[in-house]
Amino acid sequence: MSAFWIVLLSVTAGTVISSVLACLPGLHIYNVMGALVLGILALEGSVHAIPADVYLPAFTGMVVGWSMLNTIPAVLLGTPDESAMFTVLPGQKYLMAGRGFEGTMITAVGGLAGAFFLVCVMAPLAPRYLPVSQQVLKGHMHWVLWVIITFMLMSEWPKGGNRGKAGWAKFYDAWKTLLAGLATFILAGLLGFILLTRSPVNHEVAFQNIMPAFVGLFAIPWCLLNMISAANVPPQKTAKSLAINGDVILRSVWSGGLGGGIAAYFPVVTGGVGGMLAGHATAQRDERIFIMGQGVSKFIYYVGAFMLMFVPGLNLTRGGGAWMVKALYTPMGVADYYLVLGSIAIAAGLSYLMMEPLTKLTLKFIDRFNYRHVSTFALAIILVMVYAVTGWVGMFIATVATGIGLLPVLFGSRRLNCLGILLLPIACNMSGFGETITGWLGLT
Amino acid sequence: MKGFSHFMSGVAVASFGPWAIDAALNGNPLFFVLGGACGILPDTLDFKFYRFFYNHDVYVEPDPKSPDPQYVADEVARAIALAVDEKRYVNLKLSSVRLGADFWQQYSVTFDNEKLEVAVKFGPVVNTGQVPVEGTANRYPTVARAKIKAKVIQTYDAALKVDIFDGPTVGLKPLENGDLDLEFLPWHREWSHSLTVGAMLGALVGAGVWLAAGWTPAWQSFVTIAACYGVHVVEDQLGHMGSNIFYPLTKLRTPGLHWMHSGDGLPNFLTVWISCLLIFWNLYRGQPAMTYHFGFVHLMMVGLVLPGLAFGALRWLLNRGAKVVVAKGDDADDEWNDSKAAG
Numbered sequence: 000m001s002a003f004w005i006v007l008l009s010v011t012a013g014t015v016i017s018s019v020l021a022c023l024p025g026l027h028i029y030n031v032m033g034a035l036v037l038g039i040l041a042l043e044g045s046v047h048a049i050p051a052d053v054y055l056p057a058f059t060g061m062v063v064g065w066s067m068l069n070t071i072p073a074v075l076l077g078t079p080d081e082s083a084m085f086t087v088l089p090g091q092k093y094l095m096a097g098r099g100f101e102g103t104m105i106t107a108v109g110g111l112a113g114a115f116f117l118v119c120v121m122a123p124l125a126p127r128y129l130p131v132s133q134q135v136l137k138g139h140m141h142w143v144l145w146v147i148i149t150f151m152l153m154s155e156w157p158k159g160g161n162r163g164k165a166g167w168a169k170f171y172d173a174w175k176t177l178l179a180g181l182a183t184f185i186l187a188g189l190l191g192f193i194l195l196t197r198s199p200v201n202h203e204v205a206f207q208n209i210m211p212a213f214v215g216l217f218a219i220p221w222c223l224l225n226m227i228s229a230a231n232v233p234p235q236k237t238a239k240s241l242a243i244n245g246d247v248i249l250r251s252v253w254s255g256g257l258g259g260g261i262a263a264y265f266p267v268v269t270g271g272v273g274g275m276l277a278g279h280a281t282a283q284r285d286e287r288i289f290i291m292g293q294g295v296s297k298f299i300y301y302v303g304a305f306m307l308m309f310v311p312g313l314n315l316t317r318g319g320g321a322w323m324v325k326a327l328y329t330p331m332g333v334a335d336y337y338l339v340l341g342s343i344a345i346a347a348g349l350s351y352l353m354m355e356p357l358t359k360l361t362l363k364f365i366d367r368f369n370y371r372h373v374s375t376f377a378l379a380i381i382l383v384m385v386y387a388v389t390g391w392v393g394m395f396i397a398t399v400a401t402g403i404g405l406l407p408v409l410f411g412s413r414r415l416n417c418l419g420i421l422l423l424p425i426a427c428n429m430s431g432f433g434e435t436i437t438g439w440l441g442l443t
Numbered sequence: 000m001k002g003f004s005h006f007m008s009g010v011a012v013a014s015f016g017p018w019a020i021d022a023a024l025n026g027n028p029l030f031f032v033l034g035g036a037c038g039i040l041p042d043t044l045d046f047k048f049y050r051f052f053y054n055h056d057v058y059v060e061p062d063p064k065s066p067d068p069q070y071v072a073d074e075v076a077r078a079i080a081l082a083v084d085e086k087r088y089v090n091l092k093l094s095s096v097r098l099g100a101d102f103w104q105q106y107s108v109t110f111d112n113e114k115l116e117v118a119v120k121f122g123p124v125v126n127t128g129q130v131p132v133e134g135t136a137n138r139y140p141t142v143a144r145a146k147i148k149a150k151v152i153q154t155y156d157a158a159l160k161v162d163i164f165d166g167p168t169v170g171l172k173p174l175e176n177g178d179l180d181l182e183f184l185p186w187h188r189e190w191s192h193s194l195t196v197g198a199m200l201g202a203l204v205g206a207g208v209w210l211a212a213g214w215t216p217a218w219q220s221f222v223t224i225a226a227c228y229g230v231h232v233v234e235d236q237l238g239h240m241g242s243n244i245f246y247p248l249t250k251l252r253t254p255g256l257h258w259m260h261s262g263d264g265l266p267n268f269l270t271v272w273i274s275c276l277l278i279f280w281n282l283y284r285g286q287p288a289m290t291y292h293f294g295f296v297h298l299m300m301v302g303l304v305l306p307g308l309a310f311g312a313l314r315w316l317l318n319r320g321a322k323v324v325v326a327k328g329d330d331a332d333d334e335w336n337d338s339k340a341a342g
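Taken in order, these protein sequences are the chains called A and P.
Following numbering that gives the first Met the number 0, the numbering of the first sequence begins with 0 at its first residue and continues without gaps.
Following numbering that gives the first Met the number 0, the numbering of the second sequence begins with 0 at its first residue and continues without gaps.
Hints listed in this document are in silico derivations from the structure and should not be mistaken for laboratory results.
Every value quoted in this text rests on a predicted model; they were computed, and no experiment measured them.
It is possible that some hints are incorrect.
[To be verified] DSBU-like mimics (lysine-lysine), calculated; alpha carbons at most 35 Å apart, straight line:
(1) P:K250 / A:K175
(2) A:K164 / P:K148
(3) A:K164 / P:K114
(4) A:K175 / P:K160
(5) A:K92 / P:K160
(6) P:K86 / A:K164
(7) A:K239 / A:K92
(8) A:K175 / P:K47
(9) A:K164 / P:K64
[What the hints assert, rightly or not] So these bits of chain A aren't anywhere near chain P, every CB distance computed over 10 Å:
(10) W4
(11) L20
(12) L35
(13) A122
(14) L189
(15) P311
(16) D366
(17) H372
(18) T443
Beta carbons are placed, not taken as given, at the ideal position from N, Cα and C, and that holds for glycine.
Bound-form chain P, shown alone (with noise of 0.2 Å):
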């Protein structure tokens, strides 16, 4: 799911603590914004954090002064005879090519299983909008190849094109038939996806917290973290790529429930909304002397239901008879493209 999604959701748990509605009537706003921080941190911990210090076997970094297609086609090729003679995952990182304050070189890589090839392409200069600058988009039409030692079984179609901020990084995981399977991104959810992590971040913070305040906001502080971090990992279970649930006790990632995609609108914003509404809900429940009085149901109804069967009407009222495609994501790379243009 995307940051915001996680966000709310962190914040929605956290105003099931009393304590937290008390805590923000009396001023005190740490057990929200603890919410909020922790239902996003998973993702914070590996894109701030973990992928800088990940190490990669192969790094291509193309020379931003005269870039070179074959030679990302080399490295790129030297990488998979890596995985297959070594018979090992290997990463590979594909790094940017920056070539001035807003001017980035794209290049993608593809792969042709058939010929067993790679194919490199340097395509149009882009500005950090990711738009194409005129006049560049065939500086370079040669397309290098390189000779691959095994197939490379790829999912993610659109992930191997490089442009602006960091490129990606890819796993090669040799499998039993000799093919490569391509692992985007190895190093997100590898071990910050983990009820565990969420549950131990909780009791260090408690202990730090019991040792300077005592033993109730010390708890409270462990379930709110413990809780926000969860319905992270519990929310990106439902997409594909799934989370490595109990880290340390699980080494690998438990395929998700294929529910949806991280990067679909519908989903993400049903999430924020639910979300806000059971937040107003539990605000309802912890305010002192409301006039005014409603039941969860008529909540939902007044919130959810109604302007959702409204919005449903208007949307098939303005779409008889057109053919509408929704572009279809894939987690990884929803989450990649998101990073980069979280601006």
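For reference, chain A alone in the conformation it holds in the complex (with noise of 0.2 Å):
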């Protein structure tokens, strides 16, 4: 077979498979993606061993397809991973008002502008300047971090504090949702220099450590909101129609492609602080554009991490994919880089083609069910694959992260501290003082 025919095939595998695991809530990609790596590196040596071509473009497929289709969860079902957390609000706005598929269509738009932008403008400019900025940047990563928790802890703003006369007592009302957000931040730290230290995972799902965090962090919070609070879903209707035009689509690509450029860029920085800052930076009040440009910001954030790691010249790495990716295989000039934005290309138009029916068959579950039943049946897959990926200590590691993912839920405060499980250890590490503070916890 030649090889055109091995990469179509891959890629069109890799995206089929990943657009339809996508729609399960709780299983991320790279819960896949790791597995499969640990066999292909079980099998490197023997006569089944599996060529590059084979697995680069299948694993860009799965990596496409996932932050296409995994839209379908987060708004259809409200159990996001992180980098979805923005979407939700105002695509469950769009779920109660009987407009789920189009929320959801919108932001596959968003994706399929976001894989235009990424191949078309982005990656004939990056062998050229991401390697200038890589050298102008090198050695300033560590305060970018700390000026981004900086802006996430000062920006959030009290909610309380509404009644009474002017006084201390109405000053405690309102920070009580700040301490509480700053209260996240700290123990989302901690428990992430736990695991970024010391992870009582099992060594041989060591790419899966943070994954049940993340999901009790995120994921189950919103299913037990839903399962105790959630209205009764109306009945959905299908649009003839998105209601968009080139110019949404292009302010979108503005504001997503931002967010997701940064989040993509710099490390730890994930696809929802990306998408925060850019809402921010860009000031945009139409709500397609936000869901359109939240579409785009999480393909970037995903697939444009990805696409770096073989950017020639650039010799960067970001993003759980490609750290995994990177295990197996060095990238080795333009050819591999043509191959990944080929693989780009055909997987982003194949995910968009299967996000339609995909979307209609996930509605008409919900159509059928009561939401409450719906949420409950998400919480159990979700149990269910963090016991499978990593058993009871995995259970373990969920159950904490949940009673931290829960405090924003009871008190209002910003869902986004709870990435402080990430943000907090890594910016101490990179500003060299990351060991003093897991000395003083007694990790090291």
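Two chains, two separate frames, one set of hints: put the complex together.
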């Protein structure tokens, strides 16, 4: 079989598999990729060894398909991962108005626009400009993280203190949410120190050690909240038009590209943080632009980070997907770059086509059952996934993380503070005092 | 301007200090963190601290169990009467009505200067995302009215809608012709948005640093804090509301230059983007042993002018023949909504 057909079939298989898996709440494609990497490593040197021509396009398709279709559980089932967090509220607003299909498809258009931007605009410029910026920013990544943390914590505004005479009582009432936000950030940070220094998860599933914590911080609290408070979802309509035009797409690419780009380029800055920064930077008021921008941002965050590893002359690894592939393969020149870019283009088109039928299928499921039962079912799947991948230890971590993830839900503070799990330990490590803190905690 | 624009401006100003870059290269992020924090600090002081200690003459606090629009109308009329009768500035607080963990009763207050009436209408119950809950729009169909003693000159059209989180404060200021000028959020930019306050804060922190670590870090901290705090005041002066620039030497806000509204998308984005480019330029200058070399004009062309032209051309192509309406905001309303939407 010629290389062309091998690549085409691999990327198609990777995209289709990840598109279907993306509809399952709680499962991250990196979990699947991690298992596959372990399998490929085990086969290395044997007669069944899998060549790079097969797994590179397949992994690219997996990242692309998942980044596009993980909107479905986020919006329709209310079980977002961190990068899709900002699509939940406006997405559920569409769902409650009977327009869940429309909300999901607008995000998909964003993903497709993100693919176009990445392949046709960013990819030709990246080999020329990214090595320059990399050289300039070398040695400065740590303070960028601290600056982002500072903004994240300072830009949360009080939500209480609404009534009563001026004074300390009012001030305390207002600051309860902010204190809960700070507590969430610090507790998540401490959990991060433990998991990144001495993870109790079995080393054989080392790629997944943070997965139960993320599920506990982000997806499980949403499920619980939906189970307790969800109203009945009205019958869903399938829109004939998405009421978007070129200008809306352009402005979405502008804001989402910025957010996703920041998240893809800077270490530890995730899609959620990038989306937040882009939202603040571009000050867009149109809801469609916001939702579509989140689709763009999510796509560029996952796929752009993966692509960076293949940019000739850059030598930069960002994101879980790239780190896993790096365990198997070191990119070599422009041929690999073009291979990955072509795979991204094919996978983006394919996963966009899969969006409509899979969204309709999920909506049928929601239409048929009570939304509380849907959320209970989603929670059950999540717990099964955590148990299957990481066992009882993972379940314990997920329980602890859920406790932390419920703080923002109970106090109405910002859920993004849960990202302290990565931001705090890694910023400390990058600034050179991480070990001192792990020493204080008795971890080293 | 929006918080993030101020924040990034602060980081950009901090990057002009060579000491900040040297410290960063040695693993110390403090000057950049200080820059960003001081850039956003004037709004933080107002929205997170001062407003909770600001006294009001009239508090309108509808009962969540039986919200009564007539009570709100009567209390607003009473505040107006107070300002007219006593010929003094009166602060009126319109409190929000929380109905549950995620539900709020929306209401709006409008002034009819022709009939000299205030009208209050209770709208739908909304969730914290400001989305109306189905079936609640017409629970209170009555529009409550009360007579007012003077015309109320209102420039902030959307401001008197009360729903989620904290309700707004309005100041009723008697004018010479007997009318009342309605000032939205009188506690905002009253003293915090001042160059002198920034300098005083810098001096205070600088003194502490001097005692702890000596003269050099002390003056570096002073310059960073005063300059980064000051850039916030300068930026806000480009809008409409203005700032009390030299408080305590000055007592009133100096009106802004009216070049922009604080919530406008393009000026905010340009501020953030230009700040990023300036930071990049300063880091480049401070980076030892660069193998790539470029000039400031080159950077601005590649980073700002060419992408801007490409974006503008694309937008023009996509919008040919279409009427693009950009909603104009106003400074106070934008910042108030920004504070509520920041989540």
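Hints versus structure:
Between the alpha carbons of K250 (chain P) and K175 (chain A) the distance comes to roughly 33 Å, so the proposed pair stays at or under 35 Å and holds. Only pairs whose Cα atoms come within 35 Å are accepted, and K164 (chain A) paired with K148 (chain P) is accepted, the gap being roughly 26 Å. Between K164 (chain A) and K114 (chain P) the CA atoms are separated by roughly 32 Å; this keeps the pair inside 35 Å, and the hint holds. About 25 Å separates the Cα atoms of K175 (chain A) and K160 (chain P), which keeps this hinted pair within 35 Å; it holds.
Taking the CA atoms of K92 (chain A) and K160 (chain P), the gap is about 21 Å. The hint holds against a cut of 35 Å. Between K86 (chain P) and K164 (chain A), the direct Cα distance comes to roughly 23 Å. Compliance with the 35 Å bound is thereby established for this hinted pair. A C-alpha spacing of about 19 Å is found between K239 (chain A) and K92 (chain A), which places the hinted pair at or below 35 Å, so the restraint holds. A C-alpha spacing of about 12 Å is found between K175 (chain A) and K47 (chain P), which places the hinted pair at or below 35 Å, so the restraint holds.
Note on K164 (chain A) and K64 (chain P): the hinted pairing holds, with a Cα-Cα distance of about 20 Å set against a maximum of 35 Å. At the 10 Å boundary, the C-beta of W4 (chain A) stays outside the reach of chain P, the nearest C-beta of that chain being 36 Å off. Interface exclusion of L20 (chain A) from chain P stands, the closest Cβ pair being 30 Å apart, more than 10 Å. Look at L35 (chain A): its CB is around 37 Å from the nearest CB on chain P, clear of 10 Å, so calling it non-interface holds up.
Remark: the non-interface label on A122 (chain A) is consistent with the geometry, its nearest Cβ contact in chain P lying 16 Å away (cut-off 10 Å). With a closest Cβ-Cβ approach of about 20 Å to chain P, L189 (chain A) is found to remain outside the 10 Å limit, as its non-interface label requires. The Cβ of P311 (chain A) lies farther than 10 Å from every Cβ of chain P, with a closest approach of about 15 Å, so its non-interface assignment holds. Residue placement check: D366 (chain A) keeps its beta carbon more than 10 Å from all beta carbons of chain P (closest about 17 Å).
For H372 (chain A), the non-interface assignment is confirmed: its Cβ lies about 21 Å from the closest Cβ of chain P, beyond the 10 Å cut-off. No beta-carbon of chain P comes within 10 Å of the beta-carbon of T443 (chain A); the shortest separation is about 19 Å.
When held up to the earlier numbered hints, the structure conflicts with none and fits them all.
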